[in-house]
Amino acid sequence: MDEKRITGKMNIVLCAISILVLVILLFPLFWTLITSLKTEKEIFQIPPTWYPHVLNTRSYAAQIETGDFNMFKSFFNSFMISSGAMLIAVVLAVPASYAIARYRFVGRKAMLLGFLVTQMLPVSVLLTPMFIMFRNMKMYNTWGAAILADATIGIPFSVLILKNYFASIPKALEEAAYIDGCTRMSAFLRILIPVAKPGVVVCAIFSFLYAWGDLAYGMTFILDQEKRPITAGIFNFMGQYGTKWSYLTAFAIVAIIPVTLIFIFMQKYIISGMTNGAVKG
Amino acid sequence: MKRIKSFFRYDNIGLLYILPAFAYMMFFVGYPIISNIVLSTQNVTVRNLVNGQKQFIGLDNYIAIFKDGVFIKAMGNTLTFTVACLVFQFLIGFVLALLFSKNFTFSKTVRGITMIPWMMPMTVTALMFKFMFSTDVGVINFILRTAGIIKENIEWLTTPDTAMIAVVVANIWIGIPFNTILISTGLTTIPQELYESAAVDGANAWQRLTRITLPLLRPTIESVLVLGFIYTFKVYDLVYVMTEGGPVNSTHLLSTYSYKLSFDMFQYSKGSSVANVLFLILLLVGMLYLKITMQGEED
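Chains S and Z supply the protein sequences, listed in that same order.
The opening residue of the first sequence carries number 1 in this note's numbering; numbering runs sequentially from there.
The opening residue of the second sequence carries number 1001 in this note's numbering; numbering runs sequentially from there.
Among the clues, some could well be false.
[To be verified] Covered stretches of chain S (in silico footprint by chain Z; criterion: 3 or more residues with CB under 8 Å from a CB of chain Z, positions within the stretch not fixed): (1) 154-167; (2) 190-200.
[Stated by the list, open to error] A few chain S residues that face chain Z, going by a derived Cβ cut-off under 8 Å, partial list only: (3) R5; (4) G8; (5) I100; (6) L116; (7) V125; (8) L126; (9) M133; (10) T231; (11) L248; (12) I271.
It is worth saying that the hints were derived from the structure and are not from the lab.
Even for Gly, the Cβ is constructed at its ideal location relative to N, Cα and C.
Taking the hints into account, I'd like the entire structure generated from these sequences.
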């Protein structure tokens, strides 16, 4: 609906409504942020305070010191695991999606269906078999196990998204490259991938975010708290210090830093990823 | 050699491009799916997981779980959870999409910002809602008390009935952006002229909604609901972090119960059976979805 611009009073009313919607929707985030900056005493105060009367940055400072409240290490683990999963997903998905978009090879439909079905897979189906597999591969309790497992979420998503991008590139562009002396491989690497770059960025972002949000794999395949991702760290901490809300909320805020950064700098990619990924398949 | 070369000459060269991704998925997903089926027909517990004799016991695990009260309860919970989430997140998402389809100053910016909940790690979302729903420090109790809706603090997460409400609310929060953005995209495909000519013919806003928007949006609505069903039916982290299935199994979903059986009680084969039932249900719904979307689409 490319509706014409609304002006005047109606515009002000709609803006006010949308701000109200935003305030309600983002309240949990606001509340978490505020709480993370309060002292334990102020958190338990009734009625609650709507902003920290005494600013307490202890919960953040403790995360880079040694001891139980250190989340810095977990953050780093999460970062490495998510980057690894992202790399695998993008490297494998780019050629695969190109193949689906361009060539009508034997078994194409079946493979496409396979990628679609994996998106419906509940994580619990894979946990025990993967657990046994990683033990046999001597990868249990390493980042590698989580990386390999997390990539299985990113790959099918990326293949399905990217095939639409590659399919939308005119064939003439590729043919022109051949005429200019490109081989199939160099045309793919030097012409097609750069043109499909927005799609590749979408895939990278989502593969990273899926891995960043994962709890089940990180918690099941990695035993040592030292090597676990931040989600597992938070879960663990909740079990041990369930009511230390100043620390817990600060962990939550730190865990969403990458999400926030990605959102601020790459918003348009996210919306494109959500719509393409879901509707098309 | 020559035959191999000619096989890959034209379209089949695509196989070489797709092979790495396909092999990866076969190894890390395909094989585990099969081995999970095998596992569910054995008697694997912590004693014989890695090495040791695994015995084939046929469908005994499936028979056992269908006689297990907690499994039946988890099945019911999963359905309640999914339906409750779908209804509310769809309705709210729909209203928001209609709001943002109007072209006012903040429409695009605000719609963009509302996507944030969807991107957050579910563990973090669970933590935030656990905090807000906690009995004494919880801001939700405070707001309800101040508004005069309740007199005494509700023990949201430790009472069976209210615990389900709490996890549903948290999941709706995650689901709203997904619904909003997909319905928004659907709305952009409806030609504006239809509304203009309807207005000329004297149709009021309600008539325009029910006679133009809803019928034309049907394909979008169908996919939003089916996809929402699939995503919600297999939710795991959110509930596991908020309640671990408790109190008294009142929020156990098939996913959390399967995890609990396998990794808390070490009854791996039983846990696998529950996971397979969950997967089968999703597969059936998924096939329905594919049938809807693949219709008339060549690829």
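Of the numbered hints stated previously, which ones are contradicted by the structure, given in increasing order? The structure conflicts with hints 2, 4, although it agrees with all the remaining ones.
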